[in-house]
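Novice: Quick note, the sequences are listed as chains B and U, same order. Once you know that position 83 of the first sequence is 83 in this note's numbering, the rest is easy, because the numbers rise by one and skip nothing. Take any residue in the second sequence, note its place counting from 1, add 250, and you have its number in this note's numbering.
It should be emphasised that the hints constitute simulated quantities derived from the structure, not laboratory data. Backbone N, C-alpha and C fix where the C-beta goes; we use that ideal spot for every residue, glycine too. Hints may be right or wrong, so weigh each one.
Said to hold, decoys possible - Facing chain U, a subset of chain B residues (Cβ under 7 Å, in silico):
| hint | residue |
| --- | --- |
| 1 | Val-19 |
| 2 | Leu-95 |
| 3 | Gln-126 |
| 4 | Gln-129 |
| 5 | Gln-139 |
| 6 | Asp-160 |
| 7 | Gly-161 |
| 8 | Leu-168 |
| 9 | Leu-170 |
| 10 | Ile-211 |
| 11 | Val-215 |
| 12 | Glu-221 |
| 13 | Val-235 |
| 14 | Leu-238 |
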Amino acid sequence: MKVLVAVKRVIDYNVKIRVKADHSDVDLTNVKMAMNPFCEIAVEEAVRLKEKGIASEIVAVTVGPKAAQEQLRTALALGADRAIHVATDERVESLAVAKLLKRVADEEQPQLVILGKQAIDTDNNQTGQMLAALTGWGQGTFASKVDVKDGTVDVTREIDGGLQTVALKLPAVVTTDLRLNEPRYAKLPDIMKAKKKPLDTKTPEELGVDIASKVSLLQAEAPAERKGGIKVGSVDELLDKLKNEAKVIS
Amino acid sequence: MSILILADHHDGHLASATAHVVTAAQQIGGDIDILIAGQDVQGVAEQAAKLDGVARVRVADNPVYAHQLAEPLADLLVVLADDYSHVLASSSTTGKNVLPRLAALKDVAAISDILDVVSADTFKRPIYAGNAIATVQSADPLKVITVRGTAFDAAGETGSATIEAVDAVIDNALSSFVDERLEQSERPELSAARVVISGGRGMGNGENFKLLDGIADKLGAAIGASRAAVDAGFVPNDMQVGQTGKIVAPELYIAVGISGAIQHLAGMKDSKVIVAINKDEEAPIFQVADYGLVGDLFQVLPELEGKF
Ligand SMILES: Cc1cc2nc3c(=O)[nH]c(=O)nc-3n(C[C@H](O)[C@H](O)[C@H](O)COP(=O)(O)OP(=O)(O)OC[C@H]3O[C@@H](n4cnc5c(N)ncnc54)[C@H](O)[C@@H]3O)c2cc1C
Ligand SMILES: Nc1ncnc2c1ncn2[C@@H]1O[C@H](COP(=O)(O)O)[C@@H](O)[C@H]1O
Numbered sequence: 001m002k003v004l005v006a007v008k009r010v011i012d013y014n015v016k017i018r019v020k021a022d023h024s025d026v027d028l029t030n031v032k033m034a035m036n037p038f039c040e041i042a043v044e045e046a047v048r049l050k051e052k053g054i055a056s057e058i059v060a061v062t063v064g065p066k067a068a069q070e071q072l073r074t075a076l077a078l079g080a081d082r083a084i085h086v087a088t089d090e091r092v093e094s095l096a097v098a099k100l101l102k103r104v105a106d107e108e109q110p111q112l113v114i115l116g117k118q119a120i121d122t123d124n125n126q127t128g129q130m131l132a133a134l135t136g137w138g139q140g141t142f143a144s145k146v147d148v149k150d151g152t153v154d155v156t157r158e159i160d161g162g163l164q165t166v167a168l169k170l171p172a173v174v175t176t177d178l179r180l181n182e183p184r185y186a187k188l189p190d191i192m193k194a195k196k197k198p199l200d201t202k203t204p205e206e207l208g209v210d211i212a213s214k215v216s217l218l219q220a221e222a223p224a225e226r227k228g229g230i231k232v233g234s235v236d237e238l239l240d241k242l243k244n245e246a247k248v249i250s
Numbered sequence: 251m252s253i254l255i256l257a258d259h260h261d262g263h264l265a266s267a268t269a270h271v272v273t274a275a276q277q278i279g280g281d282i283d284i285l286i287a288g289q290d291v292q293g294v295a296e297q298a299a300k301l302d303g304v305a306r307v308r309v310a311d312n313p314v315y316a317h318q319l320a321e322p323l324a325d326l327l328v329v330l331a332d333d334y335s336h337v338l339a340s341s342s343t344t345g346k347n348v349l350p351r352l353a354a355l356k357d358v359a360a361i362s363d364i365l366d367v368v369s370a371d372t373f374k375r376p377i378y379a380g381n382a383i384a385t386v387q388s389a390d391p392l393k394v395i396t397v398r399g400t401a402f403d404a405a406g407e408t409g410s411a412t413i414e415a416v417d418a419v420i421d422n423a424l425s426s427f428v429d430e431r432l433e434q435s436e437r438p439e440l441s442a443a444r445v446v447i448s449g450g451r452g453m454g455n456g457e458n459f460k461l462l463d464g465i466a467d468k469l470g471a472a473i474g475a476s477r478a479a480v481d482a483g484f485v486p487n488d489m490q491v492g493q494t495g496k497i498v499a500p501e502l503y504i505a506v507g508i509s510g511a512i513q514h515l516a517g518m519k520d521s522k523v524i525v526a527i528n529k530d531e532e533a534p535i536f537q538v539a540d541y542g543l544v545g546d547l548f549q550v551l552p553e554l555e556g557k558f
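Looking at chain U on its own, in the form it has when it is part of the complex (with noise of 0.2 Å):
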């Protein structure tokens, strides 16, 4: 068996993700390669090269891949895929985008977000917002799955693999970047964080999310929301914790004027502990709370920064 990871990056970072995604590879078994395609990605390679147990990066650097558009991507891993039985990436909003795509051109199956390997063709994966978890069994000669980081520890860095150029040219003629608007925060990435606090409809507007901040700074957290406080504007998208939002599972997880519904426990359930803090005692976070805490936010808020 070879396995071959298609790597998250940004701004010249390998994603943390992707150090997830090889230890789910390790349970699979055999040789682990990673691919890094964009532009200038050198240091990117360097740093995939110290992940235990890879075997080879292989670099595809061109402009082509800058943007990681499914379109080249997917061509550029049908030019490899030949060499490999599975081929693995991050459920990322890039995973999730190119996998399927490789997927129907090599005309097999795409398995979503597995949270578990039984053996190298047999996976556990979430269905029904994680209210039921299905084992699934391809019988297809290239495997191509994405991997549910939260679900597998984090690999190693002691590694070092050797760093190979791909020299396979991919042209795009169907898409192009137009441009990109990428929230800055100094906080950590949602899904990496070790403490999470998240905001819903009861913050009532963008600018009380600021209550979370001073609680944040305190303990590391990276910050979240529910849908409907992102739909509502309050926050931008890429803070959507749920079932079609980002998938968390924290030490910490603390949820402020959040009602519970199906669709967010989907995405913070597997938190160690989880915290609610909500004014109506009948919420159904209460049900999934290690700690509940009946009460209004605002006033809750501020007396928790003070003695945290």
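Only chain B is shown next, with the shape it has when bound in the complex (with noise of 0.2 Å):
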């Protein structure tokens, strides 16, 4: 079977943020940027299926800048068998992204699609709910574990109370969360020969999708800050001051 996979281009997951002076939006000049930490386990859990030979073929996607054909390649790199650039510079909310990979889903025709729950800048935490949607699929979302059968897929979610397992319908839509797997590196010899794997850009206006948003971003700003507290130097003392300078205990 097909899988589709989903990666974002995304600042790395040690960079912490500022915001713009003019508060327009985060600053992103310079900043260090990769795939979107849970696109790397989606990615992974896609390369293991083939492994298994349950997968067939790996279409990896992205929808963003020409620079997040890296991602792309690393996707590649990793042992997806092809890429689809769907290229804009515009900023693309979840719902245009579901958007545009229910489009690249009508075209391949994916048994499997995996995402990742979230992405790191939006934090978000909608785009696969939404292309279930469209598709009218089912979702797995959140996925500790994704056991594929025979027109099903079982699907282990990690859910605020521990953890609940669903059968879906294939084709399907499932969701990465950080205990599917633990993503391997891409070897130097792999990242050589994803360069000539093919890789195909498309626009949203091929694909027949407005991306335009009906949400708007008015402003950025930074958080409160917390004051830089004090070191205590024993056991009494913290116990002191939480008694008598915080009084959070009796």
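Relying on the hints, combine the two individually framed chains into one complex.
Specialist: Listed below in structure tokens is the structure:
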């Protein structure tokens, strides 16, 4: 079966972002970018399905600027067979990404689409659910285990109270949580080979999707900073402070 | 304006998160209805009817909703949503699972995890692990929103809303429930506890988390963990606090053997008082801690338990 994987270019997870002086947005100039960590887990899961002989072909897709092709090349180096770049320099919200992915899914007819549960820039946690809605497929979000069967997939989900397993009819959408797998690193020869793998570019217009969002960003501000506290020298001092200064214990 | 809230509940109990969502709804303004979807949920409906400011509790009692699967819940909300300007849910795993699906079915955006209501169409929400707060305005006819419970007080419980059955019948051929492994705990819920004590990789193994038990017992605390502690298998996933886990804002948060990565801070830095216990005096957690104690947790914790 064919597996579609959606990968997003985001800031590196180690980077602490700052807002622009005019509060119009966050400042991304000269910030290190990388594949969204949850998307790395999505690619890894697809590659493991291929290694198990379950997936026959892996197609990686991204929506974003030209530079996002770097993340597609990473996906190709990790084991994706082909890549599709939906090129735009606009800010694309989750709903529009889902619509674009829906069009790609219409063309590619995958049995499984794997996305990250959340992009660590917008922290939306929406796109997979929206894609499932638009395709009319079932959704296995926050997956910590994916077990493909004949015509169905069992997905174990990380939920607030523990774990839940659901069975979905294929085709289906899965979004990855942290415990699904531990992504591998790309090896140098694979990075070289990835340069020759096919990468198609399309535009939102070619896919017939209007990417304009009805939600506008009015401003971005820095969160309230916590005042630096003090170091205490002993357990006794700590307890004294908690009782008599902070008054949070009695 | 009229607002529909999808309630969270389990085992016949309304989750405390829903009372916080009601407060967000009150700030938006307008009539507030609560939807209880599930199986044998009459008792939950009665609890929801007490929440202040709620006009109607709508009850969809049917086995198809028993496990809160996204597909039938979103379809049900699509049927009901036409009567409302806003649909809200808490940022629980159910809210996050269902509401974006509803939004796409209605061809509107979803707004995740709001912290503040500026007006009926403008909200604040954290982005980049809470390192920036975005103010966003929606021009969509229907606003579909998840609410960060810790950012809003709980509504009171002196109300008496009417309870009505919803008769829409939804079937679900896309997904089915297989099983659930829920963690049993006598302790308060992480997101609702007055005190949270969390352990990180520094705890060394799962057995050592018992060192937190005695303290948690004395303080009536919930126990949390860092991602590293969960990934290492020390404790289950539902204990993860952070950007991609649970968000907590207790009166007192005690971080033990946790370095203070931005992803962890994103989940706890709105706590009123933060205590950090770490043997590395350079650990970033000390930058947000009100009281830092540099020391070996294996010495500090037993002493702390004895003296609390
Ligand atoms: C996409 C993504 C999402 C993430 N989401 C989350 C999230 O939601 N929540 C989260 O927590 N993390 C999250 N992380 C992980 C985060 O980046 C850190 O790796 C993690 O928080 C580190 O956990 P830790 O502090 O327990 O471990 P470490 O960073 O290894 O720190 C262990 C600390 O214990 C101290 N220590 C060791 N032994 C002792 C001792 N005997 N006594 C006292 N102190 C001791 C050490 O000095 C050290 O500071 C995420 C990462 C990514 C990439
Ligand atoms: N621009 C994009 N291009 C490709 N995939 C995306 C994009 N935005 C979001 N996704 C996918 O959707 C997941 C969740 O993102 P979000 O819903 O925005 O938090 C990501 O981990 C990706 O798998």
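Novice: Check each numbered hint against the structure and report the violated ones by number, ascending.
Specialist: 9 and 10
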